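**Q** Sequence:
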Amino acid sequence: MNTVLLEQVREMHLELKQIRRDIHAHPEMAMEEVRTSALVANKLKGWGIMAIEGVGQFGVVGILKSLQPGNNTIGLRADMDALRLNEQNDVPYRSKISGTMHACGHDGHTAMLLGAAKYLAHHRDTFCGTIYFIFQPAEEGLTGALAMIKDGLFDRFPMDAVYGLHNYPERFGKFAIRAGPMMAAGDSWLVTFRGTGGHGGALVHRASDLTVLQAQFVLAVQTIISRNIKATDSAVITVGAIECGSFQSLNVMPSTLRIGGTTRSLTESVRSTIERRMKEIASNLAADFGCEAEVEYVRVASPLVNHAEQTKRAITAAEAVVGEENVDRNTEPTMAGEDFAFMLVERPGAFIFLGVNDDTRFRNLHSPTYDFNDEVIPYGVAYWISLVQQELKY
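Each step along the sequence shown adds one to the number in the UniProt record's numbering, with nothing skipped, and position 98 is 98.
Hints in this document: simulated from the structure, not taken from any laboratory.
Wrong hints could be hidden among the right ones.
Simulated crosslink set (PhoX-like; lysine-lysine; CA at most 20 Å straight-line) [to be verified]:
1. Lys65 with Lys393
2. Lys45 with Lys65
3. Lys65 with Lys17
4. Lys312 with Lys393
Remember, predicted model here, so these are calculated numbers, not experimental data.
Make the full structure from the sequences, and use the hints.
**A** In C-alpha cells, the structure reads:
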C-alpha cells in the first residue's frame, strides 16, 4: 500500500473538494456541459497542461508529456454530465439549477481526474510517455463517448490503452473489477400493433382485440429469458410503457396499441437473440390476431467488456493504493449501462469501480438524495497516478 502517495494527494484534498462542490452546484445535462468543460480546460491550462476543447462538441482532452521523452501513451477518462432530477440534499453546495443535479457522481469523477492531472503535471519526472486526460460529455445520454470517437479521439490522440473509473455507493475505499463483461448493453424497444377497432360491448367479434394481444405479448417476451437464453447467461427484458385506448371511452376497442421498454444483456450473442425473438413473437402474435406489428429495436450501448491484460494492470495499480485485501478482482457484473464500452471497442482498456460510501442514505445512484463522498477523492486520484506511473514507467 502506497501510503506516501495517499498522503501527498491528501494535500490537494481541500482544493479538489471545492472543485467537486462547485461542479455539483452547477450541474449540466448531456451535451450542455458548457461551464463544466470550460472549468476543466481552465484548470488544466493553469497547471501547464495542454487542453484541447470541443472534442465531440463539449469534450476536453488534456495532453501531458513527461520530462524525458517516451513512446508509451495512456488515456484516462472521466464523465462530466448530470441528470434531470430535483436535488433534495440540504447542503451549501446544493444544485443551483432547478431540475438538474449530479446524482451519479460525475462531479466526483471529474474532480478526481483533475487531481491526478495536477499532481502529474508537477511530477513529470515520475513517468515516461504521454498522458491523455479525457473529460467526456453525455455519458448519461450514452452519446458522449461515440461523439468523441467520431471526432477523432483515438486518431488525434493515439493511446496504447484507455481506462475508466466509476464510483459505487458502498464499500468505502475499496475497488472492484472483473475481466470480460462487467456492465450490460442497454437497448430500448418499441412495438406498435395495428388492427381493427370497434365497439367494446356489442361488436367485439368484428375487432382485433389488441389489449388481449398485448397481454399475451408481455408474457411471451419473458419466455425469451427463460427458454431462449442459457440459464448461465444474464439478461433482462422490462416493459416500461403501454399506450392505447381512452378512459373517456371505455366501450371502444383501440385500433392501435404501443408497448415499449428496455433490455439488458452482457454479450452480443444474447443481445441478438433477444432482438430476433422479440420481433418473431410480435409478428407471430399479430398474425394470430389478424393485425400488423411494427418493431423498433434500438441498440443504445454495447456491453462493457474489460480486456484481460488491462484488467490485471488496473488491479495492480489499485492494490498499490489500498492493498490486495481491498480490491475485488472478480466482482459480479451489473446490468447498468455505461458508454465507456464504446471506447473499449476501439482500444484495449479496463473500467473499475471505487466504493465511496458506507452510509445507507447514499446508496442509490440516480436518486435525488445522492451525493458523492468527498472523503474518497484521494483514493481515486491516487489510483490514476499509480496506474500512470506503473504503465509509463522508465
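**Q** Flag every earlier hint the structure violates by its number, smallest first.
**A** Result: hint 3 breaks, nothing else.
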